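Residue numbers (the numbering used here), protein chains in the order written: chain U, 110 to 719; chain E, 1163 to 1758.
Just so you know, these hints were derived from the structure itself, not from any lab.
No experiment lies behind these values; they were computed from the predicted model shown.
Note that CB positions come from ideal geometry on N, CA and C, so glycine has one too.
Take these hints with a grain of salt, some might be off.
[As the list claims (entries may be wrong)] With a straight-line cut-off of 30 Å between C-alpha atoms, the simulated BS3-like cross-links for lysine-lysine are: (1) E:1189 <-> U:364; (2) U:179 <-> E:1174; (3) E:1400 <-> U:577; (4) U:237 <-> E:1400; (5) E:1196 <-> U:364; (6) E:1488 <-> U:557; (7) U:361 <-> E:1277; (8) E:1277 <-> U:135; (9) E:1488 <-> U:349; (10) E:1402 <-> U:557; (11) E:1488 <-> U:135; (12) E:1400 <-> E:1174; (13) E:1496 <-> U:534; (14) E:1488 <-> U:237; (15) U:564 <-> U:532; (16) E:1400 <-> U:564; (17) U:577 <-> U:237; (18) U:349 <-> E:1189.
[As the list claims (entries may be wrong)] Coverage of chain E stretches by chain U, computed from C-beta distances (three or more under 8 Å per stretch; other residues unrestricted): (19) 1341-1351; (20) 1614-1628.
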Amino acid sequence: MSVSETDSEVSARLEFEQAQRSEGWKLLRGLLRDQRRNLLIGGLIGISWAAFKVAIPQVTKFAINDGIEKNGPLLKWALIITGLGVLTGILSGFRRYVAFRESRWAETLLRERLFGHVLGLNIGYHDKAQTGQLMSRASSDMMQIQGFIVMIPITLSNVIQIFAVAAILFVTDPILAIVAMAPLPFVNLSARRFSNRIHPASLAVQAEQAQLANVVEESVSGVRVVKGFGAEQVQFEKLKVEADDIFTESMKAAKIRSNFMPAIDVLPALGAVGVLGVGGHRVLSGQLSIGDLVAFNVYLTLLVWPLRNIGMIVALGQRAASALVRIHEVLSTNSSIVEPANPKSLPTGGGAQYGAVKFDHVQFGYDPTRPVLNNFNLAIAPGESIAVVGATGSGKSTVARLLLRFYDTDSGHVFLDGVDVRKLKLQELRQQIGVVFEDTVLFNDSVKANISFAKPNAAQADLERAAKLAGAHEFILQLPNGYDTVIGERGFSLSGGQRQRIAIARAIISDPRVLVLDDATSAVDPSKEGEIRDAMRTVMSGRTTIVIAHRPGTIALAQRVVFIDGSTIAAIGTHDELVATNTRYREVLANMQQKESADREPVVSSLAVK
Amino acid sequence: MWQTGGVSEEDKLTRAQARTILGRVFKMAEPFRKSMIIAFACVMVTTSATLSAPVIVRHGIDAGIRAKDIGALNLSVVLYLIVVTFTYVFGRLLFVFVNRTGESFLRVLRLAVFKQMQRQSMAFYDRNKAGVLVARMTADIESMSELVQWGLLQFLSAALMLVFSIVVLLFLSWQLTIVALLVMPVLVISSIKFQRDSNRAYLTVRERVGANLSALQEGITTVRVIQAYAQEDEVNRKFKISNRSLFAAHEKSVRISTWYFALVEFSGVLASALMIGIGGWFAHRGTVTLGTVVAFVLLLSSLFDPVQQLSQLYNTVQSAGAALNKLFSILDSKPEVDEHHSAVDLPQTGELKVSNLSFTYAGAENPALDNVSIKVGVGEKLALVGPTGAGKSTLAKLMARLYDPQTGKVEFGGVDLTMATMDSLRERIAVVPQEGFLFNGSIRDNLRIARANATDAEIEAAIDAIGATDHFAQFADGLDTEVRERGSRLSAGERQLVALARAALVDPAVLVLDEATSNLDPGTEAEVEHALERLMAGRTVIVVAHRLSTVQRADHIAVIADAKIAEFGSHSELLALNGHYAELARAWQKSHTVTS
């Protein structure tokens, strides 16, 4: 909110927020529509529960009047009340059950929907999105929504209960009803206000707790600095400030509680005082029976919780509304990578070798005003291997991303086996491209699951074939549980080279037409580089391969070198040709080499800090 | 709303442990005993007031209405109003004082635990994972704040309410009290069972929430791989499994509460029915008055509500107990490196002498250092080299007393480091770790880590001493630039410069350096080299070296292999020896000339 908002800006903003909110509610209605049958049942159970609950004091009143005062049949009344107890007990249990079950179910489905949607969003979206934000959409925002939904059937029966009780009171004695119920609207009002005020106060406490966590975290992680300089006192002082802040904010929250909670507790009692005073005099003047008076008191207590809950649901609803808006925002974001309506398919059969890749006048920039690739033309023959070389930020990794359709070109086309990648089903396209990323990402799952990731139903033989080609089979057999060893489990970790080879096996298991190797050696101990390159060489043979080279050693693997400079292809040829003819190529290469030797040096005696 | 905590079997406290913990809690709460007593008094007053209400109503009905005595009725009304006012006033005070007591306790606990953690030596940090220590200070303490905010209050007033109710009921009529308590065994037994089952269910839910969040996070962070292999459907399917199993856990825990709450509601009504039936019979016989039966009907809830509340709070109290147990075990761990009671200041300068030093890391089988002796004269530079894990870093750390040796000693200017005051030790000997670790705050704040009371002029002088004044002057906010979390705003080289400036601010006689293994951007690399050179000038330097250039600059080189000093001498002497060092030097040289 800027300070200098004009009226029209304010109204435009309010209108926008209003529209957002109504979209959020629409989302909720959509969720609940599928569960309306169960919610309706929950509501009906709640209403019957309320009816019986309200009946009990009435029956108790009769029991006192008829059974005790007039020496009537006690057993009959006791049994009736017990019967009502059984009914309210069962109904109350089911009311809770349905409310919680349905709210959890709605939450569960919405989370799945959100997750699926996020997974399908284009990579450009993920480049900008923060994991933490998305996580809180799927966790804390979901919680807010669940907390609201659970209240819906409960609130329904609460409302019924309030009306029923009010009706009974008014029928019994309208004047006394007014006296008894006069303070009650304030219970509702206070509960609502309380809920609204305590929420920001709790957030403030949480914020201070987070700051304290930061101080602890840095003191523990930076313990060597703290110890080395004897900075214990400095950190302690910092922590003290945060601990004091938590105390201050917590006391503010306590103050809010003390302002509301006792009042909410005491207000109904004021009604009870009125009932005793006014009611007592009315009994004395014969306008009311003692049984009615007692029943009045009991009914008053029946009103307290429903009124409090209704006050709370208003505040819960507001919080749920903002959570819904945030979730709607994600769900309404559409992937900018769109599947074609009438997809073409890749040519198959005929004994021909596939894997022809062509970039035709491609222009692309992550920010369209600053193109990374410009007028980029490249044809790779089936089975050919190409090394893409360029300085950092030259766009060499972009080439592979465009082929995978992580991004769409701004203009120009990318073809796989003569078909524009935009005309293919994403799944068909991506299944034909095996990628090894620069930062080897493996899942916390078994080695087997990781390798067969691209082909979940792969046979063990396929698995082993891929692992053997990638030079991973041997060491996998040495692992504690072989192919079933879970990666990333406690007390067990793979070396960088081993991870790389598993990633390579994963890339080739489905026998893709094109292999993209985003320099798989960069995160590997130099002594192991050779092994990785051997594995790369094996899997590349006879397959179209694009190697994105970050290290000079990797370039030698490819038949041709594509040198990208100034956002386009500056030169194409064999490594030796380029070295001989292109000064800029030599420069970039020298730079790489220098970086590499710097990278290597410490490895000689890499220091493990205990 | 009905389940706020849980505790696993292994964390459960024994009775004796619980007693000890309670005792310690009271001892820690000593400084704010006054607010604790006021809080307790408030609980007593409000609980009694709440309970006296039905008694007053009974009096109004029996002595006032039934006896047709308007005076007695009016008196009851006035009394009732007074009681309500009391409940309100003391209720407000109650919240303030209970929270003040609780939050004060948490504050004291936070400070004490952190202080104790800070006093621990490096060995403690080797043993305990950073995440666990952070969790102690955050999650474990915060797990108690709910208890402090309202749980403790509820616990106290529920317990009091239960006791008072029984007393009041007994006072009204012992016969009816027995009637009222008839359903109690059912309620108590089912509450205990509920508490156990819900605790187990809660732990399952918590575990599955964690697993589900991990699955979620893995999905989001690995989205590039998932899309590259077109496995969105498969990953969705797996997530669905984890998500549905979380739902199942929730459902189970709701089911547990379903029967319990049904039973509780039924018990309440059943008690009323019994009261009408049996109480009515007593009334018919004239054993009790009608008003007493009515009062009992009204009082029943104050008998049953506390049992319910206590059972629900039990898990919260238990998990708080488990958390306290862990926190007290930190408070009980003795720092291994501590100031001796008769410690003396180290001399301004002097020789650093290591004699017959042996050291084994806790839990390790083999010693990291085995009977090592070495001397470094004033202003001399010693480079420590050797393979990973041979003990060179350990030696450097012992020379700065980050650990104490098991046998042998390190002396500075003839004073054993274990006999030196901590302040003088950190002033004479400064350690610069390999990566420039920065704290949240400005560059200036980060220098003050080394000397809290340094003036701005001293800080600028330190920056100047390492020749980095111009570099930081380029920043818009100069030395007041906020470095953000872990110094993310600065480059690796700039972080190193700050780390070196810290050491310059201390102006130590001895500098212990752990040379950076990671690479810096070529621009700042030179600056850092330059800063390092200026910092080392005129000081005794112990450097854990990874680069040939550094080693060549040293006066002496010690090759550490297998926990011992394998070779000692100058660069040329060691080359001539043609042993470990010569081999290492050749490897270094070779890696400089890489062919493609």
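Violations among the numbered hints, reported as their numbers in ascending order
Hints 2, 6, 8, 11, 12, 13, 14, 17, 19, 20 not satisfied by this model.
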